[in-house]
Amino acid sequence: MPEPTSDATADEGAAADDDTETAPEVPSIDLPSDAFDAVLDALDGRDPNDPLRFEGFSVARDDGGYVLDPADGDRQTGVSERELHEALDERAPAVTDWYAFERVVGEFGPRRAFLRWLEDADGATVATRYAALAEGIERAWGELKITATVTDRGERRYDVRHADDAGVPVDELDRYDDPLDARELVKLDEKGRYRPLKTAPTLAGGWVFPDLGPRDAYEAVETVYPATVANWHREREGELDVSHWRETMERQSGIYGVVKTWDRGEGHEHVDWVAEACCDDSQCLKRREWEYDDETDLNVDGGDGAFPCREPCSVVVSAARKWTRLESERPRTYEFDLTPSEKEQVEDIIDAVADGRIDEIREADTKEGANRYRTRFLRAKRFDDEGNLGGVPTEPAETGDEE
Amino acid sequence: MQSLVIVAHGSHLNPGSSAPTYDHADTIRATGAFDEVKTGFWKEEPHFREVLRTVEGDEIYVVPLFVSEGYFTEQVIPRELRLDGWDVSEWDSDGLSADQATLVAEDIDHEVHYCGPVGTHRAMTDVIVRRAESVTGDPDVGEGFGLAVVGHGTERNENSAKAIEYHADRIAERDRFDEVKALYMDEDPEVDDLPDYFESDDVVLVPLFIADGYHTQEDIPEDVGLCEDHTEGYDVPTEVDGTRIWYAGAVGTEPLMADVILERAADAGADLGTALDDVRETTRVATGD
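Taken in order, these protein sequences are the chains called A and B.
One gets the numbering used here by counting positions in the first sequence from 1 and adding 23 to each.
One gets the numbering used here by counting positions in the second sequence from 1 and adding 804 to each.
Possibly wrong hints are sitting among the right ones.
To be verified - Which residues of chain A face chain B? A partial, calculated answer using Cβ under 8 Å:
1) K210
2) L211
3) Y217
4) E245
5) P249
6) R274
7) G277
8) F330
9) S337
10) V338
11) S341
12) R344
13) T347
14) R348
15) E383
Stated by the list, open to error - DEER-style ranges, computed between Cβ atoms:
16) B:R883 x A:D204: 28 to 36 Å
17) B:D997 x A:Y217: 32 to 40 Å
18) A:D60 x B:D891: 47 to 55 Å
19) A:R216 x B:G1073: 41 to 49 Å
20) B:Y826 x A:D316: 34 to 42 Å
21) A:D316 x B:P819: 52 to 60 Å
22) B:G1073 x A:I381: 48 to 56 Å
23) A:R399 x B:C1031: 50 to 58 Å
24) B:D1033 x A:R259: 23 to 31 Å
Think of the hints as simulated: they come from the structure by calculation, not from any bench.
Ideal Cβ positions, reconstructed from N, Cα and C, are used throughout, including at glycine.
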């Protein structure tokens, strides 16, 4: 946290620097009456020895009026309300900054931390931030692009949209103003398929919340990516409660209780595969912080997301239930013939499905192993009438029974 | 600051599963009775595990949008919300009478009021009747009509059948419909044989489910014979073996459900002002046609 007085000095110092020509201009701010009233309200009944601190100065109440410290370098007492208004109007950026965070944004930890982070309020001075806000401060959050600006009354406004829509004029996008409308925007991907995982990198674009206030901006982000801000905040505070794979699966009951039996004390390769399948950045934008247990890391990268993943999610648990059953099967040796190209084609098909590339493979592009004609040819050639690859039944007994 | 948290099942597969939860949250939000209304899910996000950390208020009411007491309300939700010291005896319930328990949620180290499910609240009876009004478009429906309340039987959860019977009995006592029956999906009397259980020419069929999904959109319509295959759709009403069946779909989609959620919170001590009256008024079925 910057010290108010040293900041004032720093500002003066900065003003004398050679950089001033290139530094962005601090916008002119008019002190709105609600901000001034909020200051009076905060001073009302406040201990005179506990001044209200703004960046670069403080205000307290005393018997005859107000105390401004410093004013023109000195502590000024007996300031009337009218004089105080004048003084605060001259210091409108600092006052509106206080008002924005102390009164509009409020105390709630995740919201406050997020909105302060957006404009680096815990690192940069008011002057620096207001100058940057005048230009628009952009931040990424998952696939969102959030642009923070400031009005000439010192109010923060936020534009929230898909990062792919950066630079698109607002009137070319579908405009929304109620952050809860984001619930519908996140429901389906751009092909109209349901998104069961909100942090999957499949957010559709084409919409914009062009003019949100601070609370609504936070709500919009939390609606698109629920609880991500809360978890990011806990992590910043050093309080992220990570629940690793083992404890998460131990906790499961009902139809998911079976998953704990998949851990057989023979290592965690199976969980590595789960994480590679589900938690890779290509599948989920959360940064996986959970491991096999608190002593054993997985051998898979957790990703680079801005917000953490603190435990295996319900999609992972559901998939793990399926794998627990499938992985209880013992391998068998099947014998059938494939040409080298056919073996590679099977690999191509698996890759195309796993990487979600099916729709990108052009209809007549027979160079692609996962091309539909190529795949249909392979099926026509290598499947028998029962759909068995290479004509080999899945269950050896099937043949016996039929004979 | 007073907060409402509605917790529901949600779905990995069905995009419409969360819709009733969101709709009722919006209805309640519009009353202004709570400073914030949040939703949390078992299969969607925010998950039960993380919803409380998104809550700002200090008086927190958690209402499960589930039809009966059982596995979810007694085990899954308290465990996932990390309600310290939870034991089902906190509710001292006979399977229908769970009201609320006040416990510290370890996730936020703060007390929450954990309420009984909406489905067993006495106000749910009114929602079933309202659903019959909605599907027939008649706010006075009753005379000449039978009403079937349908749900899972005891195979899935013995309390499920209790809730169905409870509401069917209460509606029958009102002498509004000519006949009222509780029917089940997996035991007798089975919903498949609906016409056998009613003498009335017209029967409203109300499934006690929260959201429309596999059971209400595929299973029941096919079992009852409203259609051969659910993909064909069906008319309301559809005549089956001489009985006109007015199939209502999941009762949980009825706007008046918001009232039951509020009732649960009020029973747990929430200060609602005029919200209950507001919701009953704004969700009414229009009179006449």
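Closest C-beta approach of K210 (chain A) to chain B relative to 8 Å, hint status: holds (5 Å)
Status of the R274 (chain A) interface restraint (C-beta, 8 Å, chain B): holds (7 Å)
Hint check: 8 Å Cβ-Cβ cutoff, L211 (chain A) to chain B: Status holds, d = 7 Å.
Agreement of hint R348 (chain A) with chain B interface, Cβ distance less than 8 Å: This interface hint is violated because 17 Å lies over the 8 Å limit.
Restraint satisfaction for R344 (chain A) [CB to CB of chain B, less than 8 Å]: With a closest approach of 12 Å, the R344 (chain A) hint is violated.
Status of the given 52 to 60 Å range, CB of P819 (chain B) versus CB of D316 (chain A): violated (35 Å)
Distance restraint hint 41 to 49 Å, applied to the beta-carbon atoms of R216 (chain A) and G1073 (chain B): holds (43 Å)
Whether the CB-CB distance between R883 (chain B) and D204 (chain A) falls inside 28 to 36 Å: holds (33 Å)
Hint validity - E383 (chain A) Cβ closer than 8 Å to any chain B Cβ: violated (24 Å)
Status of the F330 (chain A) interface restraint (C-beta, 8 Å, chain B): With a closest approach of 12 Å, the F330 (chain A) hint is violated.
Interface hint status, P249 (chain A) versus chain B (Cβ within 8 Å): holds (4 Å)
Assessment of proposed distance window 34 to 42 Å (beta carbons of Y826 (chain B), D316 (chain A)): holds (37 Å)
The structure fails to meet hints 8, 12, 13, 14, 15, 21, 23 and 24 from the earlier list, while all remaining hints are met.
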